[in-house]
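Protein chains in written order, with my numbering: chain A, 1 to 110; chain B, 111 to 227.
Treat the hints with care, since some could be wrong.
As the list claims (entries may be wrong) - The list that follows gives simulated cross-link-like pairs (lysine to any residue, SDA-like), each with its CA atoms no further than 25 angstroms apart:
id, chain 1, residue 1, chain 2, residue 2
1, A, K42, B, K137
2, B, K154, B, L121
3, B, K137, A, R96
4, B, K137, B, T217
5, B, K154, A, S26
6, B, K154, A, P10
7, A, K45, B, N117
8, A, K42, B, R132
9, B, K172, B, P184
10, B, K172, B, D196
11, B, K154, B, V215
12, A, K2, B, E173
13, B, K154, A, E3
14, B, K161, A, R92
15, B, K181, B, S197
16, A, K42, A, F60
17, B, K154, A, S91
18, B, K172, B, N117
19, A, K42, B, R130
20, A, K42, B, P149
21, B, K154, A, S32
22, A, K2, B, T217
23, B, K154, A, R41
24, A, K42, B, K181
25, B, K172, A, S91
26, A, K42, B, M170
27, A, K42, B, R223
28, A, K45, B, A198
29, A, K2, B, F175
30, A, K79, A, R37
31, A, K45, A, R95
32, B, K172, B, S197
33, A, K2, B, L121
Think of the hints as simulated: they come from the structure by calculation, not from any bench.
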Amino acid sequence: RKEVEQDPGPFNVPEGATVAFNCTYSNSASQSFFWYRQDCRKEPKLLMSVYSSGNEDGRFTAQLNRASQYISLLIRDSKLSDSATYLCVVSRTGRRALTFGSGTRLQVQP
Amino acid sequence: NAGVMQNPRHLVRRRGQEARLRCSPMKGHSHVYWYRQLPEEGLKFMVYLQKENIIDESGMPKERFSAEFPKEGPSILRIQQVVRGDSAAYFCASSPGRQSSGANVLTFGAGSRLTVL
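I would like the entire structure built from these sequences, with the hints used as guidance.
Set out below in structure tokens:
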């Protein structure tokens, strides 16, 4: 079983739609959680950290459920520029290296 | 602030040759990480280094791959006797030191794309 699992998609949604991605992690010792975004053939870029209380950054909302070991990302009012692959990322207690999920591809259509 | 610099951006090698990929971390960052991304796959951790020390190499293949981060100069990922399966994008990332806020947040370079013929 992969340490971080994501639905690969693609999610094809119209502009203005709300879309949600989920991610599950297997290691209960995971302590830090992030969403990164990767555009085609480019480097991953941090989208947002994920906190236990949930957090919001503009149109993006991230939630963490430690009991069920899953993380979610909600994107409201999708823009064409949101088209990318969204990577769920975790790190374990005592380990600096981040573990990446394989990503969920989002395609926002006009 | 130039960000994480990687070079070369593209590298073509024939089977059996050596590949050297270089990474200069962001100014003020003392930790370097190497990740590999095979076509249509996610990023896989390879190695984590501080200056002159390998901290975690649990993701490095046991043979042909090595990494260093010398006191002076960039971090280098070296692949000896390359094979076609080594063709991938190799991303370097850096982060601040242990005591800094955001120590777990990685900033990535643009990557080095290795093609083995």
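Would you list, in rising numerical order, the hints stated earlier that this structure does not obey?
Of the numbered hints given earlier, those the structure breaks are 15, 24, 33, listed in rising order.
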